[in-house]
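2 protein chains.
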Amino acid sequence: MSRTIEVTELALRDGHQSLLATRMAMEDMAPACADVDAAGFWSVECWGGATYDSCIRYLNEDPWERLRTFRKLLPNSRLQMLLRGQNLLGYRHYEDGVVERFVEKSAENGMDVFRVFDALNDVRNVRTSLEAVRRTGKHAQGTICYTTSPLHTIERFVDMAEQLKELGCDSICIKDMAALLRPQPAYDLVSGIKERCGDDTQVHVHVHATTGVTMVSLMKAIEAGADVVDTSISSLSLGPGHNPTEALVEMLQGTGYTTRLDKGRLLKIKEHFASVRPRYAEFESKFLGVETEIFDSQIPGGMISNMESQLRQQGAVDRLKEVLAEVPRVRETAGFPPLVTPSSQIVGTQAVFNVLMGRYKAMTGEFADLMLGYYGETIGPRDPAVIELAVQHAKKEAITGRPADLLKPEWDELRRQAGALPGCNDSDEDVLTHAMFPQVAAKFFATRDKGPKNLGSSPTAAVAQPVGGGKPNGGK
Amino acid sequence: MSRTIEVTELALRDGHQSLLATRMAMEDMAPACADVDAAGFWSVECWGGATYDSCIRYLNEDPWERLRTFRKLLPNSRLQMLLRGQNLLGYRHYEDGVVERFVEKSAENGMDVFRVFDALNDVRNVRTSLEAVRRTGKHAQGTICYTTSPLHTIERFVDMAEQLKELGCDSICIKDMAALLRPQPAYDLVSGIKERCGDDTQVHVHVHATTGVTMVSLMKAIEAGADVVDTSISSLSLGPGHNPTEALVEMLQGTGYTTRLDKGRLLKIKEHFASVRPRYAEFESKFLGVETEIFDSQIPGGMISNMESQLRQQGAVDRLKEVLAEVPRVRETAGFPPLVTPSSQIVGTQAVFNVLMGRYKAMTGEFADLMLGYYGETIGPRDPAVIELAVQHAKKEAITGRPADLLKPEWDELRRQAGALPGCNDSDEDVLTHAMFPQVAAKFFATRDKGPKNLGSSPTAAVAQPVGGGKPNGGK
Ligand SMILES: [Co+2]
Ligand SMILES: [Co+2]
Chain R
1 MSRTIEVTEL ALRDGHQSLL ATRMAMEDMA PACADVDAAG FWSVECWGGA
51 TYDSCIRYLN EDPWERLRTF RKLLPNSRLQ MLLRGQNLLG YRHYEDGVVE
101 RFVEKSAENG MDVFRVFDAL NDVRNVRTSL EAVRRTGKHA QGTICYTTSP
151 LHTIERFVDM AEQLKELGCD SICIKDMAAL LRPQPAYDLV SGIKERCGDD
201 TQVHVHVHAT TGVTMVSLMK AIEAGADVVD TSISSLSLGP GHNPTEALVE
251 MLQGTGYTTR LDKGRLLKIK EHFASVRPRY AEFESKFLGV ETEIFDSQIP
301 GGMISNMESQ LRQQGAVDRL KEVLAEVPRV RETAGFPPLV TPSSQIVGTQ
351 AVFNVLMGRY KAMTGEFADL MLGYYGETIG PRDPAVIELA VQHAKKEAIT
401 GRPADLLKPE WDELRRQAGA LPGCNDSDED VLTHAMFPQV AAKFFATRDK
451 GPKNLGSSPT AAVAQPVGGG KPNGGK
Chain X
1 MSRTIEVTEL ALRDGHQSLL ATRMAMEDMA PACADVDAAG FWSVECWGGA
51 TYDSCIRYLN EDPWERLRTF RKLLPNSRLQ MLLRGQNLLG YRHYEDGVVE
101 RFVEKSAENG MDVFRVFDAL NDVRNVRTSL EAVRRTGKHA QGTICYTTSP
151 LHTIERFVDM AEQLKELGCD SICIKDMAAL LRPQPAYDLV SGIKERCGDD
201 TQVHVHVHAT TGVTMVSLMK AIEAGADVVD TSISSLSLGP GHNPTEALVE
251 MLQGTGYTTR LDKGRLLKIK EHFASVRPRY AEFESKFLGV ETEIFDSQIP
301 GGMISNMESQ LRQQGAVDRL KEVLAEVPRV RETAGFPPLV TPSSQIVGTQ
351 AVFNVLMGRY KAMTGEFADL MLGYYGETIG PRDPAVIELA VQHAKKEAIT
401 GRPADLLKPE WDELRRQAGA LPGCNDSDED VLTHAMFPQV AAKFFATRDK
451 GPKNLGSSPT AAVAQPVGGG KPNGGK
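In order, the protein sequence lines correspond to chains R and X. Note that the working numbering has the first sequence beginning at 1, numbered continuously upward. Note that the working numbering has the second sequence beginning at 1, numbered continuously upward.
Bear in mind the hints are in silico, worked out from the structure with no lab data behind them. Treat the hints loosely; a few may be bogus.
If chains are identical, the list can't say which one is meant, so a pair holds when it fits in one copy or spans any two.
[What the hints assert, rightly or not] The calculated DSBU-like cross-link candidates involving lysine-lysine, where the alpha carbons are at most 35 Å apart (straight line), are:
| hint | residue 1 | residue 2 |
| --- | --- | --- |
| 1 | K138 | K321 |
| 2 | K321 | K268 |
| 3 | K321 | K263 |
| 4 | K408 | K194 |
| 5 | K72 | K165 |
| 6 | K268 | K138 |
| 7 | K72 | K443 |
| 8 | K286 | K268 |
| 9 | K453 | K286 |
| 10 | K194 | K165 |
| 11 | K286 | K263 |
| 12 | K396 | K361 |
| 13 | K395 | K268 |
| 14 | K105 | K194 |
Input sequences plus hints: build the corresponding full structure.
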């Protein structure tokens, strides 16, 4: 049963996104790249998610330039990105032509592996991007967002894996953003996918560490046949981040499973980020410990903070407990969507509305869209009475088709708009930046020539490299 | 294969010892006790280790009074302590009469479970205390200190378990103070003990979290048949501490293994310590992340800090790398002792001497004693040439017998000494306090009537209890 387990390193994207609010400057990642490139990872996640937004919003850095820089600094690595299917990296559905253009440009600039997901697990919302990836010859990874609800059975997830496989995906990823994947379901889900889709189906497992159980889930996923697991170097790990890369290597020793990772390189990467991390202390997540409440509450920590601040603005923070109790009801009404961006915000805000103004007396436009199918299909039926209220509120009908089918070609118009912005260089890349973040892009184009900012404190102060083991791993 | 896994809660002793330098005041633990008592633990570790020392050294608190208080506050719980065999809670070997008196008094004051270990795994050093425990009718737990070396095979550890079983131990504990126990050896070791000593041998597993792999080791130990595992409530967990109790409960769901723990109670315990912990921030361990270097270096982080500060005092901190390389050699010379108090300090200081003054040109008295057998037997042979140097240095011969056999009865003399100290109340308990910490005890007896100190900052400021999930788990 000896088998090589491949690893995707997350430090350059999800690691600092989860722990340091995506603020890490390219110049603080660059010095680690030679070691990352030589360490033996299956892939290096370094783009997508919130990094694109953060680059133009906070760092005055061109995200496409960042991608090209990673391509140069990691010549032997597969570069990997996270893509929100038809939403690309933005917050609305884009017409297929824009989606295709984005994928082509990403591939052209150096991307190798596209991990594509939809917040509702509606396969129709990932089809266009996955097909576009396949046409570029790059690696198309179909993704299952893991969540729990009375309807989310292993069987249903395996059904979804099969659908993704039928779309021609090169691999299947189980993405557990809320650290809800316990060891036994991890085992059952990986086994189920391997059984249904074939043993040669490459299965990746992405878990966060928040609940303290998912290192064990990685072990069980590996025992069930998982091929590639995601980890983050120890000095950018744990809390709302991920399990530590070095610990994965050590965990497997003697089990018959091994990685190809070079421990000497890992130590250097660790020490680099341990020296960088303290400079980003002001952006550090407030929740660095273990939180298991989500298993019962079903509510991610970040969502609670959002609802709490909404309540505070209304002078009603004392009603948080009612809102927390309302969330599962709203989620059931909406057909049990996974609670991930953007559905977590949509469900959370509606729960606040319900408590403050009476159940569905007021409705956000986004919640109406969710009820009416404009984000896609949910796993469960949505409450017909509330759909009716949504129709009245939004003054439009429910749909059952693929949302993007309603969209007209928009590339030419986006190009025209972008071209009118001062500082826009008229490249397809700039048009895409405008398409995804219209307001922020305009500001970014205007200031781009000032060059990237480093938001870490005293960025030029070299932090001494510690000798040997037993040093703080950064953070505190 | 459904089976109930029992749990020992560590928050009241090893949890704050590992994370907050053993400084937590009794008044900060008392409010959690009702929930701890009702949560369904197999036992509650609350005494021993460094707590006794910390009570009299820093907190002006009578450790025996603390024990009696826990007895009152935890009427339905097994109270558990950690005992260093013939060293009791001190740093030298005591004559058997003192050891027996200590065990009797501990039982009389409310202790139920005695976890007894020896730093060298020399069973002769735990025999007297284990037999004394058995005579009181309390639970005698024999302990294996887990470590790694070319000689520390599963077979040898299982041999030791068998010897402990033959001493009449009620259970066997695998104690992994440095988080070196990987999943596969955890499985093999528990299986090995169950096979050799019988399936009905109760096996406990105590691991720290430092290396990030031991939650998986707990899972594997459970799969191999472990009966009781040690965890600490999440708000006093991870880093150099332990795996979180709540995560253990969640990890097992769906596996066929279950705990008897009440999640509602656990949440209350968590919230209590989350509110208390920030007040002890100044005592917090600097190493709260994951450190895997020990797997290769064999050197615990705390030991490195010690050696570094010794070198700094000599103006030779630049020679740390040489010292780190010297440690494994010294350890081999000394017969591969586990590196735990006091052997870690003894080996570390000698390594510093060797680098600064030439190999074994100078020798500490403690290292000479270790080489000459005055701490007990080591697993491997000790270097005869260095034993000869130790004989010259210490001007005494090597021994092979049980070290405590050389000691004369000392109780009457200890009682006489203690009785002469101002503030000593002449109880056996006070004599034992004097016996274990002569200098500190004298100071403590003199100030005892001023009552316990709380070293937490603003100890009277009530911290608001957070509502629901997703809050910081303390610490930062
Ligand atoms: Co993630
Ligand atoms: Co311990």
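Quick rundown of the hints versus the structure:
Taking the shortest Cα distances, K138 and K321 never come within 35 Å of each other, neither inside one copy (47 Å) nor across copies (46 Å). In the homo-oligomer, the alpha carbons of K321 and K268 lie at most 35 Å apart only across protomers (16 Å), although the nearest pairing inside one protomer, at 46 Å, exceeds that limit. Proximity of K321 to K263 under the C-alpha cut-off of 35 Å is restricted to the inter-copy arrangement: shortest distance 18 Å between copies versus 47 Å within a copy. Taking the shortest Cα distances, K408 and K194 never come within 35 Å of each other, neither inside one copy (39 Å) nor across copies (69 Å).
Taking the shortest Cα distances, K72 and K165 sit within 35 Å of each other inside one copy (32 Å), while across copies they are farther apart (62 Å). Taking CA atoms no more than 35 Å apart as the test, K268 paired with K138 passes inside one copy only; the shortest distance there is 30 Å, against 50 Å between copies. Taking the shortest Cα distances, K72 and K443 sit within 35 Å of each other inside one copy (28 Å), while across copies they are farther apart (66 Å). For the homomeric pair K286 and K268, the shortest alpha-carbon distances inside one copy (27 Å) and between copies (20 Å) are both at most 35 Å.
Taking identical chains as interchangeable, the C-alpha atoms of K453 and K286 lie at most 35 Å apart whether they share a chain (24 Å) or sit on different chains (30 Å). Only within a single protomer do K194 and K165 lie at most 35 Å apart by alpha-carbon distance; the minimum there is 11 Å, versus 45 Å between protomers. Proximity of K286 to K263 under the C-alpha cut-off of 35 Å is found in both arrangements, the shortest distances being 30 Å within a copy and 23 Å between copies. In this assembly of identical chains, K396 and K361 lie within 35 Å of each other by CA distance solely inside one copy; the values are 18 Å within and 90 Å between copies.
For the identical chains of this complex, K395 and K268 are neighbours neither inside a copy (58 Å) nor across copies (47 Å), given an alpha-carbon limit of 35 Å. Only within a single protomer do K105 and K194 lie at most 35 Å apart by alpha-carbon distance; the minimum there is 33 Å, versus 60 Å between protomers.
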